[in-house]
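Novice: Each chain, letter by letter, is given below.
2 protein chains.
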Amino acid sequence: MAAAAPPPPPTSAPVTLPESDPSGNTLFTRIRLATVDDVPHIHKLIHEMAVFEHLIHLFEATPESLANTLFPENPLPPFSSFTVFLLELSYMPFPPTPQNEHFTPILKSIHLDVPIEDPGREMFRSKAIDVSVLGSDVIVGGFVLFFPNYSTFLAKPGFYIEDIFVRECYRRKGLGKILLSAVVSQAAKMGYGRVEWVVLDWNVNAIKFYEQMGAQILPEWRICRLTGVAWNIL
Amino acid sequence: MAAAAPPPPPTSAPVTLPESDPSGNTLFTRIRLATVDDVPHIHKLIHEMAVFEHLIHLFEATPESLANTLFPENPLPPFSSFTVFLLELSYMPFPPTPQNEHFTPILKSIHLDVPIEDPGREMFRSKAIDVSVLGSDVIVGGFVLFFPNYSTFLAKPGFYIEDIFVRECYRRKGLGKILLSAVVSQAAKMGYGRVEWVVLDWNVNAIKFYEQMGAQILPEWRICRLTGVAWNIL
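Protein sequence lines correspond, in order, to chains A and B.
So the number in the working numbering is just where the residue sits in the first sequence, counting from 1, plus 585.
So the number in the working numbering is just where the residue sits in the second sequence, counting from 1, plus 585.
One chain only, chain A, in its complex shape (with noise of 0.2 angstroms):
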């Protein structure tokens, strides 16, 4: 498991897309699934939230076995098995995206007081959107990785959140809720029950936000983990 490190509250509300903006003062976003192509910058994504969460020890993930992982030879279909929303942010309107049969991607914007300065800018350029095509670059600015859980109260599945994260130059600006809204609005379009993740205790300003989104904290469980060195006892 790893953690939730979300932006606390949003500054400004996201609204829908409005036309191009050359000031670059709003910034686009899209959700969209990830694909095995994106597995370059989605290592880079969890190392960085390892970092931040002073779990590097922990870290062993290598782009070839997220590779293998994520996006199998024989893949389930998206959203039964590990699912990963990616994220993109540019400054220019992202073209109209056809239906897909399982995922049409969400287009969303933000106004932003003054543009964002991405030292990450090179290392997290998506290569989704041709440059050329849109006009400017498109950037990776977060992800949420997520996967069915199971209530045999409700006898419903619901989503589960392994990890939701946002680059540190794009926090507090409402990218976060963005990320959270398309799991909730998936889980509510598929009937599921629950949306759930975990926090660190100490991370209060993560659960300020996630409060404020409606969650509920649950105080009396704790999580239980049997790792591979365990096992032999058993």
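Bear in mind the hints are in silico, worked out from the structure with no lab data behind them.
Among the hints, a few may not be true.
[Said to hold, decoys possible] Some, not all, of what chain B presents toward chain A, calculated at C-beta under 7 angstroms:
#  : residue
1  : Leu643
2  : Ala646
3  : Leu651
4  : Thr654
5  : Phe667
6  : Tyr735
7  : Phe738
8  : Leu739
9  : Asp748
10 : Glu781
11 : Leu785
12 : Trp806
13 : Cys809
14 : Leu811
Bear in mind that the values here come from a model prediction, so they are computed numbers and not experimental data.
Even for Gly, the Cβ is constructed at its ideal location relative to N, Cα and C.
Fit chain B to the given chain A structure using the hints.
Specialist: The following block gives chain B in isolation, referenced to the frame of chain A:
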């Protein structure tokens, strides 16, 4: 999510398949994949668990809703989605089980000081084996429901145990360990990284049992839950 309600540490260690024991002091156990025919028993087990946990107000499952969600029309392969192992008990040895593509039932036995009085014997009689074949009733004693989860730090799937439950009259005999071991063995066989579940912090017997099984209890993580009623704010 519903709770794990395991028995405390076993007082007698499981041993491998002895001969039939006419004294009734040997309880033979079988772990097998549940099927849709087991749903009435699974429903009653979940109901007993809700009573045990004083969470009956959260119990909404019906046999129909369980059947639709656990055994859908187009099921995914076992272990890639919601999976139920059923624990069956008999005072006569189970017949040998043919190799199965997905899972070969696990046969064990435990020694009892005295035979167990089971007040729910009628209600929990398994129909999987005819009594005239075995020479003894087969009784459903418990279950475990689990599904895959994923660690981005390990880049590996694992299993998450949603429920593990042994009926009250069969507790303190090592049957919880037999159920948990079955999940752990399956995880090991599939090369998975971890098996995880949650426990209520006041359930000190369960916590002690899990720690003796080699599990870590993670003190810092808290569960966050968004339910349907809160989704409209997003």
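Novice: So, for every hint listed, does it hold in this structure?
Specialist: We went through each hint and held it up to the structure:
no. : hint   : verdict
1   : Leu643 : holds, 5 angstroms
2   : Ala646 : holds, 4 angstroms
3   : Leu651 : holds, 5 angstroms
4   : Thr654 : holds, 6 angstroms
5   : Phe667 : holds, 5 angstroms
6   : Tyr735 : holds, 5 angstroms
7   : Phe738 : holds, 5 angstroms
8   : Leu739 : holds, 5 angstroms
9   : Asp748 : holds, 5 angstroms
10  : Glu781 : holds, 5 angstroms
11  : Leu785 : holds, 5 angstroms
12  : Trp806 : holds, 4 angstroms
13  : Cys809 : holds, 5 angstroms
14  : Leu811 : holds, 5 angstroms
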